[in-house]
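**Student:** Given next are the chains, with one letter for each unit.
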Amino acid sequence: MAVFIDLMLLGMLAITALRVIFLKDLFAVVMLFGIYSFLSALIFVNLDAVDVAFTEAAVGAGISTVLMLGTLALTGRKEKTNNHKSWLPLLVVVATGAALIYGTLDMPPFGDPNNPAQQHVAPRYIQDSPQEVGLPNMVTSVLASYRGFDTLGETAVVFAAAIGVFSLLGLPKRDRAAIESGLKSHLVLRVVAKLIIPLILLFALYVQFHGDYGPGGGFQAGVIAAAAIILYALVFGLPLATHVLQPSLLKVLAALGVLIYAGTGVVSLFLGGNFLDYNVLASDPIAGQHLGIIIIELGVGITVFAAMLAIFYAFAGQAERKNIP
Amino acid sequence: MILETLSIIFLVLGAFFSITGAIGLFRFPDFFTRVHAASITDSIATLLIIIGLILRTDFGLIAVKLLFILIFLLLTSPTASHALAKSARHGGLLTMAETRDDKNKEAH
Amino acid sequence: MSFIIDYYNYWIVVFLMMAGFYIVISANNLVKKVVGLNIFQTSVFMMYISIGKVTNGSAPIVAEGITTYSNPLPHVLILTAIVVGVATTAVGLALIVRIKRAYGTVEENEFKDKDDLI
Amino acid sequence: MFEQHLLVLPIVLPLIAAPICILLMKSHLAWVFATIISGLSFFISVDLLFATLEQGVLNYAVGGWESPWGIELRIDAASAIVLSVVTGISTLVLVYAKESIAKEIDSSRHTLFYSAHLLCLTGLSGILITGDAFNLFVFLEISSLSTYTLVSLASDKRCLTAAFRYLVMGTIGATFILIGVGMMYMKTGTLNMLDLANRIAEYDGNRTINTGLAFILVGVSIKLALFPLHMWLPPAYTHAPSAVSAFLASTATKVAVYVMIRFIFTIYGAEYVFFTMDMDIILMVLAIVAIFKCSFMATVQSNIKTVLAYSSVAQIGYMILGISLVSSTGLMAGLLHVFNHALMKGALFMAVGAVFYRIGSVDIKAFQGLGKQMPLTMAAFAIAGLSIIGVPLTAGFVSKWYLVTAAIEQQHWIVAFLVLIGSLLAVVYIGRILEAAYFKKPSELTEGKTIKEAPILMLIPMWILVIANIYFGIDTSLSVTAADTAAQWLTQSIPEPFVSIPSVVTEETIK
Amino acid sequence: MLILAATCIAILSVMILALARALKADTVYDRILGVNMFGTKTVLFIAVIGFFSGRPDFLDIAIVYALINFIGMIAVLRFFEYTAAEEQEDDTAKEDRTS
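Protein chains in written order, with our numbering: chain A, 1 to 325; chain B, 1001 to 1108; chain C, 2001 to 2118; chain D, 3001 to 3511; chain E, 4001 to 4099.
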C-alpha cells in the first residue's frame, strides 16, 4: 500500500513538473508549483519524514508561493514566447540525467534496513538519543543537539536572506495616514479571518513547545506565526499590519534570534563545555540538554518569524508603493 | 463494534461524496456550477470523513485535533469558495445562461 | 522485477530533478527560472528522504509498540536544506523585483540586449 | 581559558557580530565594530596557522558530541593558510570600505553592508574549518547568499542582473554538491570527512560513488569559476562595489579551490580521483584552456574591472593546474598561488576602486595619465600587476616558479612552457593599463580636472597588500613552509585511520 | 483497515481529478478551484493515512496543510484584486492618452 501511494504521488509529481515546463501563464506556473510542494510534502509524510513534510508544506507551499505571487503582481503574468530555441539545455539535462541514472545503478535498494546509510551513524541517534538527550522526537534531538551547529548555520542563512531582501527592497515605513487597503469588499472573509488568526497564533505556540515530543519546532512555529500575520496583512492591508508589528521591530527581532542561539553556545563555553554543549547548562546533563534545546528553538523561532514576516513586508511594501503613486 | 460500523458508514459516504464532487468539477458546464459542486461536496465529505475518523479514536487529544481540523475546514473552505466565486463574478466571468444571452444579442 | 522495485523511486526522482534543472537553464523568464530552481531542489530533497526510508519503519518519534524507525539523519539535513532553499528563493525574487524596476522587463534576452553583459 | 576553543571562534565571532551590526544602527559604529571583529579573527587565524604548523591537525567537537555523530571542526595547515588569507583580506577590505562604500553605496544600506560582509566571512571561515561534508554545504550557502547581497549593493543597475546570474549558477552548483554528498552518504552512512575517506577507500570503483564525485567536482567548479562554468564571475566582479570585488576576488574563489582540494585529496584520495577516474587530464586541459582563453579575453576589455575579473579566471587556471599535476610540489604551488594571488588581486581591485572613487569610471580611458595624478595608487597597481605577471622579487614569481618546477618534475615540458607563455598574455593586459597610466595623456574624462590622490584609509590597506607582495616575493620562508607542510599533509596517500577520540573538554583541562 | 485503504484510494483518485482540473483549465478560476479542492483533499488524505499507518498523532501536519491552503487562496484572491486594479489603471491611462 505504501509503495502504491508512493507511486501514485510520484506520478502526479512528474505530470505536474512536465506541465510546468510548457506553461506560459506564470500565474498557473506558480499555482502548479504550490501543488508540487504539497505533493512532495505528502511524499515526505509517506516516507516517514513528518518534520520535513511539516516544513515543506509551510515553506514551499506557503511562504514561497506567497512571495512568488507578490513578485508576479509586480512583474506581470505572462511569459513572453521566445523564438530562440536552443538544444544546449536539453543536451546538458540529458547528460546530467544519464549520469544520475548511472549513479543509481549501484545504489543500495530503496527501503532496505541493511543499507549503509542505516548502519553506521544513524543507529546511535535512534537507540541512544532518547536517553542521551531525553526527547522522544529524534529529529529534534539530532537537529538541535548532535548537529546543532548546522542549525545555527541555518538560522544565519535565514538572517542573511532577510538582510539581502532589506538591502534590495527596503522595508515599508510605518505610515499613519495610509488608507486602509486589503480585501475590502469581502466581508465574510474579514470576519472569518478575525476568528482564525488567534487560533493560528495559538497553534504556532503549540508547535514551538511541542516540537520536542511531536513533529514541529522553532522553524515551523516561526513560519506558522508569520503566516498568521501575513494572513492579517492580506485581508486587512499592509498599513494595518505594520501598525500591529513594526518593520523596525522585526529587524531587531531577527537579529535577536541569532544572538540567542549563538549566545547559548557562548554561555556553554563560559560554563566549561564545548561550544553548544548543553550538558553544562544545568546540573543534570538531561535537564541541560532540555533547557538548551528549548532556548535555541526559541532563538530559531524568533529569527524565522521575524525574517519571514519582514521579507513579506518588503515585497508587499513594493506593491503598496506602486499602488499609491 | 457499533462505533466501528458507524465509522465505516461515514467513511464510505464521505468517499462517495468526494468522488461525486470531483466528477461535478469535470462534468458541470460553467464555472459557477462547478464551484457549487465542488464546495458543497467538499464540506459534506470533509464532515463525514472526519466524523468517521473521530469514531475510531479513543476521544482524546487526537479527536480534539480532528475536531479542530473540521472546524477549520468548515470555516475556511466555504469562505474561500465564496470569495473565489465573488471575485470571478467581479472579474467579469459570466454564467452559461448569460453567455448564451450575450451570444443571442450579438446574433440579433 | 526486484530491480525495478528497488530503484523506481530514485528513477522518478532523477526525472523530477532533471525537469527542474531543464526549467532553470532553458527558461527565459526569471520568475520561471526561480520556480525551476525550487523544483530542482525539492526533488533533491526527495532523494535524501528516500535514502532514509526503511521498509515497514515508522516516523522517528518514539512511541510505544514501535520497533523500527526510519533514519532521522536525512530528515535533519533536509530541514536545513529547505530553509536554505527558501532563503535563496526570497533573495532571488527580490532581485527580480529590482530588475523589473531597473530594466522594465524580466525576460533574460531583453535585458541582455540592453546592457551587453559580458 | 579559551585556548582550546580557538577553533570555533573565527566562525562564531563574525556570526555574533553580524546581527549586532544591524542593532548598532550607526554606520561608523558598525564599521569600527566589524573591523575589530575581523581583525580579531585574523589574529586567531594566524595563531591557528602556527599551531597547525607545529602540531599538524587540530580538532574540536561542537556540542561535545564525538565525531562522527556530532559535527567536528578540523583544521590543518591547508585550511589555516587560506583562513589567514580570508580573515586578513577581510580586515583590510573593511578598513578600505569606509571611504569606498561612502561613494558607491547608499548611506542607508551601510550597516547592511557590514552585516552581510561579516556573514560572508562567517560562511567562508566555516567552510575552511568544518570537518563535516554537510556542514560545509550550509556554510557555503551562508557565504553565497551574503555574496549575492553584497554584489547587488552597487548603484549601477547592471549589478542586479550580474547578481541574479550569480545566484542561479551558485544555487545550481550548491545543489550539485548536495546531490554528491547525498550519494556519498548513501553508500557510507556518514558525513564526517575523515570517516567518509576511510569508508570510501573500502569501495573500489563503485558507480554511485563515482557519480557523487563527478557531481561534487562540477558543483565546486561552478563555485570556483573553472573555465567553461565561469560565466557568472566577470559580470559579478565588474559590477559589484569595489570593496566587494576586492574581497570576493581574493577570497571566495580561493575558498572554493580549497573545497576542491579537500574533496579530492582528503575525502576521495588523490589516487582514486587521479588514477582510477583520470580526473587529472580533464582538470589540466580545462586549466590550460582557462589560462589562455581568459587571459586573451582580458586583453580585449576596456573596463579595467572586467580585465581583472578575466585575469582572476585565468589565475584560477594556474591553481587548478597545480592540483592536476598530481604531486606534492604541484599541490604546494597551487596552494602558494592561492595565497599569493589573494594578495595581488586584493591590491589591484583596491587600486581600481580608488580610481573609481576619484574619477567615477573604471574605463581604461579614465586611467590615462593617472601615473602623475594618483602616483601612490598607480604605483600600487603597477607593483601588484608585476606580481600577476610573475616578475622576480614579487610573490607572483614564487608561485609560478614552483608551478614550473612541479611541471618539469612530472616531465610535463609542454605544460611548463605553456605556463610561461600564459605569463606573456598577462604582460599584455597589465602592460596595456600601465601604458595608459604612465605614457598617455589624460583623456577627455580627466582632462583639465585636478585629481587628488586617494584618501589615506584606502591607501593604507592597499599598500599593506603591496608590501606583502614584495615581502613574500623575497622572504618566502613562511609562505613556502606553510604551503609545503599543507601539501605534504594532504598528499599522504593513505589517510590516517579514523580515531574517534574527541577533544571533549573535561573537568581537568579547564582547571 | 480495509475501509481506510478504500477511503485512501477514493481520496487519492479525487486528488488526481482535481489535479487534472488544475493542469488543464478553461479559466484561471477553474484552476484555482482545482488547486483549492486538491488542498482540502490533501488534508483529509493525511488524516486518513495517519490512521491507516497506525500513527494518528501526526495530525498537526494536516492542520498546517489546511492553514496554508487557506492562506494560499487568500493570497491568490489578493493577487487578482491587485492585478485587476492595475489593469484598470492601465486601461484608463491608455484612454487618457488616446483622447
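By construction, these hints were calculated from the structure, which means they are not laboratory data. Keep in mind that the hints are not guaranteed to be accurate.
[Unchecked claim] Straight-line alpha carbon distances no greater than 25 Å define the calculated DSS-like cross-link-like pairs of lysine-lysine that follow: (1) D/3157 x D/3103; (2) A/173 x D/3026; (3) A/80 x B/1086; (4) D/3157 x D/3098; (5) D/3293 x D/3103; (6) A/173 x E/4024; (7) D/3157 x D/3365; (8) D/3452 x D/3098; (9) D/3157 x C/2100; (10) C/2100 x A/194; (11) D/3372 x D/3103; (12) C/2100 x A/173; (13) D/3098 x D/3026; (14) A/173 x D/3157; (15) B/1086 x A/194; (16) D/3372 x D/3440; (17) D/3157 x D/3372; (18) D/3452 x D/3440; (19) D/3365 x D/3452; (20) D/3157 x D/3440; (21) A/78 x E/4024; (22) D/3441 x D/3365; (23) D/3365 x D/3440; (24) D/3372 x D/3452; (25) A/194 x E/4024; (26) C/2100 x A/24; (27) D/3372 x D/3441; (28) D/3372 x D/3293; (29) A/78 x A/24; (30) A/78 x D/3449; (31) D/3103 x D/3026; (32) A/80 x A/24; (33) B/1086 x E/4024; (34) A/80 x C/2100; (35) D/3441 x D/3452; (36) D/3157 x A/80.
Being a predicted model, the structure only gives us computed values, none of them experimental.
**Student:** A separate judgement is required for each hint: does it hold in the structure or not?
**Tutor:** Hint-by-hint comparison with the structure:
1. Between residue 3157 of chain D and residue 3103 of chain D the CA atoms are separated by roughly 16 Å; this keeps the pair inside 25 Å, and the hint holds.
2. Our distance criterion of 25 Å between C-alpha atoms is met by residue 173 of chain A and residue 3026 of chain D, whose separation comes to about 19 Å.
3. Distance check on the hinted pair: residue 80 of chain A and residue 1086 of chain B sit about 30 Å apart at the alpha-carbon level, beyond 25 Å; violated.
4. Restraint check for residue 3157 of chain D and residue 3098 of chain D: the C-alpha separation of about 22 Å stays at or below 25 Å, so the hint holds.
5. With a C-alpha separation of about 34 Å, the suggested pair residue 3293 of chain D and residue 3103 of chain D falls outside the 25 Å cut-off, and the hint is violated.
6. The hinted pair formed by residue 173 of chain A and residue 4024 of chain E fails the criterion: a straight-line CA distance of about 42 Å is larger than 25 Å.
7. Annotation: proposed proximity of residue 3157 of chain D to residue 3365 of chain D holds, straight-line Cα distance about 22 Å (limit 25 Å).
8. For the given pair, residue 3452 of chain D sits about 18 Å from residue 3098 of chain D by alpha-carbon distance, which is consistent with the 25 Å threshold.
9. Under the criterion of a C-alpha separation no larger than 25 Å, the hint pairing residue 3157 of chain D with residue 2100 of chain C is consistent with the structure, at around 11 Å.
10. Straight-line distance between C-alpha atoms of residue 2100 of chain C and residue 194 of chain A comes to about 35 Å, which puts the hinted pair past the 25 Å bound.
11. At most 25 Å may separate the alpha-carbon atoms for a hinted pair to count; residue 3372 of chain D and residue 3103 of chain D meet this at roughly 23 Å.
12. This hinted pair checks out: residue 2100 of chain C and residue 173 of chain A have alpha carbons roughly 22 Å apart, not beyond 25 Å.
13. With a C-alpha separation of about 13 Å, the suggested pair residue 3098 of chain D and residue 3026 of chain D falls inside the 25 Å cut-off, and the hint holds.
14. Among the hinted pairs, residue 173 of chain A with residue 3157 of chain D is consistent with the structure: their alpha-carbon atoms are about 24 Å apart, no more than 25 Å.
15. Of the pairs offered as hints, the one joining residue 1086 of chain B and residue 194 of chain A holds, with about 20 Å between alpha carbons and a cut-off of 25 Å not exceeded.
16. A threshold of 25 Å between alpha carbons decides the hint, and for residue 3372 of chain D with residue 3440 of chain D the separation of about 11 Å falls inside it, so the pair holds.
17. The straight-line distance between the Cα atoms of residue 3157 of chain D and residue 3372 of chain D is roughly 32 Å, outside the 25 Å bound, and the hint therefore fails.
18. Proximity of residue 3452 of chain D to residue 3440 of chain D is assessed by CA-CA distance (about 18 Å); at most 25 Å being required, the pair is judged to hold.
19. Taking the CA atoms of residue 3365 of chain D and residue 3452 of chain D, the gap is about 17 Å. The hint holds against a cut of 25 Å.
20. Straight-line distance between C-alpha atoms of residue 3157 of chain D and residue 3440 of chain D comes to about 31 Å, which puts the hinted pair past the 25 Å bound.
21. A distance of roughly 17 Å separates the Cα atoms of residue 78 of chain A and residue 4024 of chain E; the hinted pair therefore holds under the 25 Å criterion.
22. Restraint check: the Cα-Cα separation between residue 3441 of chain D and residue 3365 of chain D comes to about 10 Å, which is no more than 25 Å; the hinted pair holds.
23. Our distance criterion of 25 Å between C-alpha atoms is met by residue 3365 of chain D and residue 3440 of chain D, whose separation comes to about 9 Å.
24. With a C-alpha separation of about 10 Å, the suggested pair residue 3372 of chain D and residue 3452 of chain D falls inside the 25 Å cut-off, and the hint holds.
25. Between residue 194 of chain A and residue 4024 of chain E, the direct Cα distance comes to roughly 35 Å. Violation of the 25 Å bound is thereby established for this hinted pair.
26. Distance hint between residue 2100 of chain C and residue 24 of chain A is fulfilled; the C-alpha atoms sit about 18 Å from each other, no more than 25 Å.
27. Among the hinted pairs, residue 3372 of chain D with residue 3441 of chain D is consistent with the structure: their alpha-carbon atoms are about 10 Å apart, no more than 25 Å.
28. About 33 Å separates the Cα atoms of residue 3372 of chain D and residue 3293 of chain D, which puts this hinted pair outside 25 Å; it is violated.
29. Between the alpha carbons of residue 78 of chain A and residue 24 of chain A the distance comes to roughly 6 Å, so the proposed pair stays at or under 25 Å and holds.
30. For the given pair, residue 78 of chain A sits about 50 Å from residue 3449 of chain D by alpha-carbon distance, which is inconsistent with the 25 Å threshold.
31. Pair hint residue 3103 of chain D plus residue 3026 of chain D holds up; C-alpha atoms about 17 Å apart against a cutoff of 25 Å.
32. For the given pair, residue 80 of chain A sits about 7 Å from residue 24 of chain A by alpha-carbon distance, which is consistent with the 25 Å threshold.
33. Note on residue 1086 of chain B and residue 4024 of chain E: the hinted pairing holds, with a Cα-Cα distance of about 22 Å set against a maximum of 25 Å.
34. For the hint pairing residue 80 of chain A with residue 2100 of chain C, the CA-to-CA distance comes to about 14 Å; that is within 25 Å, so the pair holds.
35. Distance restraint check for residue 3441 of chain D and residue 3452 of chain D: the Cα-Cα separation of roughly 17 Å lies within the 25 Å cut-off, and the hinted pair is therefore satisfied.
36. Between residue 3157 of chain D and residue 80 of chain A the alpha-carbon distance is near 22 Å, which keeps this suggested pair within the 25 Å criterion.
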